[in-house]
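Asker: Residue numbers (our numbering), protein chains in the order written: chain A, 1 to 318; chain B, 1001 to 1255.
Keep in mind the hints are simulated off the structure, nothing from the lab.
From a predicted model like this one, the values you see are computed outputs, not experimental measurements.
Just so you know, even glycine gets a beta-carbon here, dropped at the ideal spot from N, CA and C.
A portion of the hints provided could be inaccurate.
Claimed, not checked - Cross-link-like lysine-lysine pairs, in silico, DSS-like; alpha carbons within 27 Å at most:
hint : chain 1 : residue 1 : chain 2 : residue 2
1    : A       : Lys131    : A       : Lys113
2    : A       : Lys303    : A       : Lys286
3    : B       : Lys1091   : A       : Lys131
4    : A       : Lys113    : A       : Lys137
5    : A       : Lys131    : B       : Lys1025
6    : B       : Lys1251   : A       : Lys68
7    : A       : Lys263    : A       : Lys286
8    : A       : Lys222    : A       : Lys261
9    : A       : Lys113    : B       : Lys1034
10   : A       : Lys12     : B       : Lys1025
11   : A       : Lys137    : B       : Lys1223
12   : B       : Lys1025   : B       : Lys1011
13   : A       : Lys12     : B       : Lys1091
14   : A       : Lys121    : B       : Lys1011
15   : A       : Lys209    : A       : Lys303
16   : A       : Lys68     : B       : Lys1011
17   : A       : Lys121    : A       : Lys137
18   : A       : Lys120    : B       : Lys1034
19   : B       : Lys1091   : A       : Lys68
20   : A       : Lys137    : B       : Lys1251
21   : B       : Lys1251   : A       : Lys131
22   : B       : Lys1011   : B       : Lys1034
23   : A       : Lys68     : A       : Lys131
24   : A       : Lys257    : A       : Lys286
25   : A       : Lys137    : B       : Lys1011
26   : B       : Lys1202   : A       : Lys113
27   : A       : Lys120    : B       : Lys1202
28   : A       : Lys68     : A       : Lys209
29   : A       : Lys209    : A       : Lys261
30   : B       : Lys1251   : A       : Lys209
31   : A       : Lys303    : A       : Lys222
32   : A       : Lys121    : A       : Lys131
33   : A       : Lys209    : B       : Lys1091
Unchecked claim - Simulated coverage check for chain B against chain A, where a stretch passes if three residues somewhere in it have a Cβ under 8 Å from a Cβ of chain A:
hint : stretch
34   : 1085 to 1097
35   : 1113 to 1120
To be verified - Cβ-to-Cβ under 8 Å is the rule here; a few derived chain A residues that face chain B:
hint : residue
36   : Ser53
37   : Ile80
38   : Asn84
39   : Leu91
40   : Phe99
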Amino acid sequence: MQAIEVSHLIKKFGSLTAVNDISFSVGEGETFGFLGPNGAGKTTTIRILTGVSRPTSGTATIFGHDIKHDTINAQQSMGIVSENSNVYDDLTAWQNMLFSAELYHVGRNDREKKSTELLKKFELYERRNDKAHGFSKGMKRRLTLAMGLVNSPRLLFLDEPTSGLDVQSNLIIREVISDLILDGVTVFLTTHNIEEANVMCDRVAIINKGNIIAIDAPESLKNTFKGSQSIEVSFNQNSADHLDELSHLSMVNGVQKAGDKFKLYTEDPAEVIDAVAVYAHTHNLKIISITTLGPSLEDVFVKLTGLQRAGDGIHAID
Amino acid sequence: MQSINQEGYVKRLSCEISAAWAIAKKDMRIYYFKSNIIVAGILFPLFMFLAFAIGKNASPGTLIPGLISITLMFSSSQIEPVSIPMERRVKTFERLLSAPISLYSLVLGESLSGFVYSLGIACFPLVIGVILFSTPIVHATVLVISMIFTAFCFATLGTLFAAYPTENVGEVMSMLNTVRLPLIFISGVFLPISSMPQIGQKIALISPLTYGNDMIEYAYTGKSLFSPFMDIMMLMIFILIFQITANYLYKTFNE
């Protein structure tokens, strides 16, 4: 049985089509990334999948339960971690956990046990009697995730889990998510950060203007857009005068100056690294650092829309 | 098979009630001691009462039933129009909408906190009546029942108005006050319905406060326009209408 099965889902708000006939499935135990810019239809899709909003047409099932007609059973198997860290500021961490447990019908005995276990895992147990009001952004995020896991969900919706967090929170959250994935929990991850999706996801889907324009494994997706790879190089002298000459190096598609670095877009990073080394040598420059970067979400996205504009007929990679 | 189904229904019902009560407890912890809730729940009805009572040629004790009625109406319908828009703003309301509970339980849970709050607040005029003015209570049981039904009816009305999809508390409060304030004048709280003009008497019939106040009046004086049974039936009908409408609106506005 699939964890999520979406078929011809459409959501309209008046004349605006927010989600336009999308279909995809997420297998049990799979980590699935759902990527796209703001206003692409990500939130609308998640609101439908979590039973908050209803589709105009089409179907979505969660472990076989139709989200429209069997909403409560579908919701019972989910954990939802919203981007907004929507904890109750006026309640303590402990009260937040117990409230979440009660909402998800966790048995009286298990509530306290599970809450203790999760607060310890997220390093919040010592602060359990403090109101969330005084928590840092990272602590609130950890508490949100702990609340989302209190019912031991089979499917976890994660919306921008690590966006803008401190290093400690980031590490804890990534570690817990990795453990969940190993435990066979299905993860539906929404993020702007394709590298985060690259690290965590088995497959990703990119949605734009309500349409899914690509679904594939992250590496396959990135390989499809090799042209969006880049080399980031920093010399001992980073004058903007180098921009023009660097742009004429072999296999370089474009150059940007970013702070004390130059970003050279290419389809062949290896060749460009050689060319940059030669360039540095002939101009008597020292290379301070040089890094190969994969495409960002923006790079992939721009490329995708470019292909569509060119009329290549590429709408999905699957 | 039937017993399995029954067992399932009982378990489902128990889960729904428990979740509704969890929502009510959450609201009690967060909102009961917010200054704007206290001011609007206690001071607003008190000042409304004083505005009518001062200068009126009646002993203050006889005005206690009216004070209890408007205290119940204002305090019970005060919590949700504040809490729900605020929770929409910080996105915690989304947490409730995505939880495995029915909208009926959500509406019930939200209303329960206003209901309990208002019963507590209404004890103030009740005690003032007994201690300061020695206001006699003829039917104490009817008084308790009338307070329960009136409080729950207006708590559900508050939850109904909070369905309006805004993050602005003021927007909901102004809409609610457009309804609440006229109810004071048409429900026989300070002016007996029998002394109203014909049109006023007809309008009074569509006000839930008419029935709540009528039953409270009966509890204090033994006299009323309708029978307590009729008052309870009418309040139950209003509760049902408010609950169903609220459920429909929350569903529609979340589409």
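Asker: For each hint, tell me whether it holds in the structure or not.
Answerer: Do the hints match the structure? See the list:
The suggested pairing of Lys131(A) with Lys113(A) holds, with an alpha-carbon distance near 20 Å, which does not exceed 27 Å. Simply put, Lys303(A) and Lys286(A) have alpha-carbon atoms about 33 Å apart, too far for the 27 Å limit, and the pair is violated. A C-alpha spacing of about 18 Å is found between Lys1091(B) and Lys131(A), which places the hinted pair at or below 27 Å, so the restraint holds. For the hint linking Lys113(A) to Lys137(A), the alpha-carbon distance of about 25 Å falls within 27 Å, and the restraint holds.
Simply put, Lys131(A) and Lys1025(B) have alpha-carbon atoms about 16 Å apart, close enough for the 27 Å limit, and the pair holds. Of the supplied pair hints, the one linking Lys1251(B) and Lys68(A) holds, its CA atoms being roughly 12 Å apart against a limit of 27 Å. Restraint check for Lys263(A) and Lys286(A): satisfied, since their Cα atoms lie roughly 16 Å apart, inside the 27 Å limit. Straight-line distance between C-alpha atoms of Lys222(A) and Lys261(A) comes to about 23 Å, which keeps the hinted pair within the 27 Å bound.
With a C-alpha separation of about 32 Å, the suggested pair Lys113(A) and Lys1034(B) falls outside the 27 Å cut-off, and the hint is violated. Simply put, Lys12(A) and Lys1025(B) have alpha-carbon atoms about 36 Å apart, too far for the 27 Å limit, and the pair is violated. Proposed proximity of Lys137(A) and Lys1223(B) is contradicted: the alpha carbons are some 60 Å apart, above 27 Å. Annotation: proposed proximity of Lys1025(B) to Lys1011(B) holds, straight-line Cα distance about 21 Å (limit 27 Å).
With a C-alpha separation of about 22 Å, the suggested pairing of Lys12(A) with Lys1091(B) holds against the 27 Å cut-off. Distance restraint check for Lys121(A) and Lys1011(B): the Cα-Cα separation of roughly 31 Å exceeds the 27 Å cut-off, and the hinted pair is therefore not satisfied. At most 27 Å may separate the alpha-carbon atoms for a hinted pair to count; Lys209(A) and Lys303(A) meet this at roughly 15 Å. Simply put, Lys68(A) and Lys1011(B) have alpha-carbon atoms about 22 Å apart, close enough for the 27 Å limit, and the pair holds.
Restraint check for Lys121(A) and Lys137(A): the C-alpha separation of about 17 Å stays at or below 27 Å, so the hint holds. Restraint check: the Cα-Cα separation between Lys120(A) and Lys1034(B) comes to about 31 Å, which exceeds 27 Å; the hinted pair is violated. In summary, the hint linking Lys1091(B) to Lys68(A) is supported, as the alpha carbons are separated by about 22 Å, within the 27 Å threshold. For the hint pairing Lys137(A) with Lys1251(B), the CA-to-CA distance comes to about 32 Å; that exceeds 27 Å, so the pair is violated.
Restraint check for Lys1251(B) and Lys131(A): not satisfied, since their Cα atoms lie roughly 32 Å apart, outside the 27 Å limit. Distance hint between Lys1011(B) and Lys1034(B) is unfulfilled; the C-alpha atoms sit about 35 Å from each other, more than 27 Å. Between Lys68(A) and Lys131(A) the alpha-carbon distance is near 36 Å, which puts this suggested pair outside the 27 Å criterion. Straight-line distance between C-alpha atoms of Lys257(A) and Lys286(A) comes to about 17 Å, which keeps the hinted pair within the 27 Å bound.
Among the hinted pairs, Lys137(A) with Lys1011(B) is inconsistent with the structure: their alpha-carbon atoms are about 38 Å apart, more than 27 Å. With a C-alpha separation of about 58 Å, the suggested pair Lys1202(B) and Lys113(A) falls outside the 27 Å cut-off, and the hint is violated. About 63 Å separates the Cα atoms of Lys120(A) and Lys1202(B), which puts this hinted pair outside 27 Å; it is violated. With a C-alpha separation of about 23 Å, the suggested pairing of Lys68(A) with Lys209(A) holds against the 27 Å cut-off.
At most 27 Å may separate the alpha-carbon atoms for a hinted pair to count; Lys209(A) and Lys261(A) exceed this at roughly 33 Å. For the given pair, Lys1251(B) sits about 25 Å from Lys209(A) by alpha-carbon distance, which is consistent with the 27 Å threshold. Using a Cα cut-off of 27 Å, the hinted pair Lys303(A) and Lys222(A) holds, with the two alpha carbons roughly 11 Å apart. Restraint check for Lys121(A) and Lys131(A): the C-alpha separation of about 19 Å stays at or below 27 Å, so the hint holds.
Under the criterion of a C-alpha separation no larger than 27 Å, the hint pairing Lys209(A) with Lys1091(B) is consistent with the structure, at around 24 Å. Figure legend: the stretch 1085 to 1097 of chain B, annotated as covered by chain A; annotation consistent (7 residues with Cβ-Cβ distances under 8 Å, at least 3 required). Counting residues of the stretch 1113 to 1120 of chain B whose beta-carbon sits less than 8 Å from any beta-carbon of chain A gives 0, not enough to reach three: the coverage restraint is violated. Given the 8 Å rule on beta carbons, the hint for Ser53(A) holds: about 6 Å separates it from the nearest Cβ of chain B.
Satisfaction of the interface hint for Ile80(A) is found here, the shortest Cβ-Cβ separation to chain B being roughly 5 Å, below the 8 Å cut-off. Taking 8 Å as the C-beta cut-off, the interface hint given for Asn84(A) holds, the closest approach to chain B being about 4 Å. For Leu91(A), the interface hint holds, since its Cβ comes within 8 Å of a Cβ in chain B; the closest pair sits about 6 Å apart. For Phe99(A), the suggested interface contact is upheld, since its CB lies about 5 Å from the closest CB of chain B, less than 8 Å.
The structure is inconsistent with the numbered hints 2, 9, 10, 11, 14, 18, 20, 21, 22, 23, 25, 26, 27, 29 and 35, although it conforms to all the rest.
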